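> Now for the letters of each chain:
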Amino acid sequence: MNELLILAAKEEIRLCNDLGKPYGLCLTEQDITELVELRSQALRNTGRVEFGGGILPKLIRAFCSSPYLDSYNYAETLGLLQDAFYYYKSESQDRFSDDDLIEFMVDVFNGPAHGSAELLTTISLEQLCRWARNGFDNRFADEEDFD
Amino acid sequence: MYFPTEGLSPQEQRQLLLQVSPLMVRQVKSYQKAQHLGESTSVPSDLARELMDSVSYTIDISGGIRPGMTLEQALRQGQQVLETRIDRARALLKLVLDTAPSWQTKCRWEALKELGRYLKTYDHLHLAHRGPDGLFYPVLVSVPPSLRGIDLCLWYLTVLWQENQIMLGARWDLDALWDRLPKDCLNQCEHLLTNGFGKLLLDEDPKSLVFSSEDHFRLQALLQSAAPPERSALLEEAARRFFRQIRLSDPAARAYGSALLPSLNAKLSCDLSGDLLFQTFL
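Going down the list, the sequences are from chains Z and R. For the first sequence, the numbering used here gives the first residue as 1, with consecutive numbering after it. For the second sequence, the numbering used here gives the first residue as 1001, with consecutive numbering after it.
Wrong hints could be hidden among the right ones.
[Stated by the list, open to error] Keeping only pairs whose Cα atoms sit at most 25 Å apart, straight-line, the calculated DSS-like set for lysine-lysine is:
1. Z:58 to Z:21
2. Z:58 to R:1120
3. R:1207 to R:1113
4. Z:58 to R:1029
5. R:1113 to R:1094
6. R:1183 to R:1120
7. Z:10 to R:1029
8. R:1106 to R:1120
9. R:1106 to R:1033
Honestly, the hints are just simulated from the structure, not real lab data. Since the structure is predicted, the reported quantities are computational estimates derived from the model, not experimental observations.
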């Protein structure tokens, strides 16, 4: 069954290539295979299971219009964002929906993180916990909060 | 995840395998909606295992998957079976509560409360395999290890109903017996049966359930004069007479009461010279 799930995940990502085309972004078959493998690792590392194709289609949809993505860093950034997503999901104990979490990640990635997925992981963890405790309001956050 | 697929061809089994993933995606969504959680494509592994276990249990409960049936259809069918069993359990709980003796132990009341709580919160759509837990009331028979979910709840309720029938049938002055019960007594039915059998071993009217010292010595003499197989036969006959005396017609309730006999036999096969009889027959 695992093979069937992997095939389904690859197909879903393949279909998302249409979303990236207007921005010159495309994933090769090798990129797709590696991303699916990274997804399996991330799920294992965070003790999670996904029955469907995975979060990547949603991440692609949300991030493909980012000014910080180009054809050189596209696949690698998606891998890091996927990693970060499952980590935050686990850390937040599923208190946030996928869409809410992705929205926050997009805000931070395109904002204070300036397109750095590595920085996103570091910065956003603290912000995410704070949001979980006190609620996140962009109006009262400033860049110092991300240091 | 396992469900019986006997009678299906390899191709049909492969078709079923293709249905598992979309079914589980729907189950996850449905569970999250029911629990007022945000939508997530992924779930913690423990929860994933439980959701899959529930699907297996539900499909199994309706006899598995038949040729031409989709996984979804098999699941719906199983859920309908569960709904029927839930209704039966609710009716049985009401019967047990309505006929429960007012003098039952706190442990028994707690068990009934727990079963009531279980029926209120039982999620037969997503976590059907989960049975009641926190039931510490000791019954006279072992819980069948394969029982899960609503079937485990039904089993407990059936046993409690059988006990109620025994205790209600013994419409005697039981206060004297209850006064002698140890403070940590959890199951009064066990003592009622033990003393009842004991009185009939002595050929005495079991309406007076309490044992005097003289009764103990007479019982000791009787049992010591009989070899263990004879003691066993005497006890069985005493049990049969007891159930006739209390007019217990339900064969399942009689079988439940008779489940005490092996442990009682084992006790009475030991050395009877000490305090054993005093401690066993109150």
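> Look at each hint and say if it fits the structure.
To see whether the hints hold, each was checked on the structure:
Restraint check: the Cα-Cα separation between residue 58 (chain Z) and residue 21 (chain Z) comes to about 16 Å, which is no more than 25 Å; the hinted pair holds. Taking the CA atoms of residue 58 (chain Z) and residue 1120 (chain R), the gap is near 37 Å; set against the 25 Å cutoff, the hint is violated. About 31 Å separates the Cα atoms of residue 1207 (chain R) and residue 1113 (chain R), which puts this hinted pair outside 25 Å; it is violated. Straight-line distance between C-alpha atoms of residue 58 (chain Z) and residue 1029 (chain R) comes to about 16 Å, which keeps the hinted pair within the 25 Å bound.
Of the pairs offered as hints, the one joining residue 1113 (chain R) and residue 1094 (chain R) holds, with about 11 Å between alpha carbons and a cut-off of 25 Å not exceeded. A hinted pair counts as satisfied when its Cα atoms are at most 25 Å apart, and residue 1183 (chain R) with residue 1120 (chain R) does not qualify at roughly 32 Å. The straight-line distance between the Cα atoms of residue 10 (chain Z) and residue 1029 (chain R) is roughly 21 Å, inside the 25 Å bound, and the hint therefore holds. Between residue 1106 (chain R) and residue 1120 (chain R) the alpha-carbon distance is near 21 Å, which keeps this suggested pair within the 25 Å criterion.
Between residue 1106 (chain R) and residue 1033 (chain R) the alpha-carbon distance is near 38 Å, which puts this suggested pair outside the 25 Å criterion.
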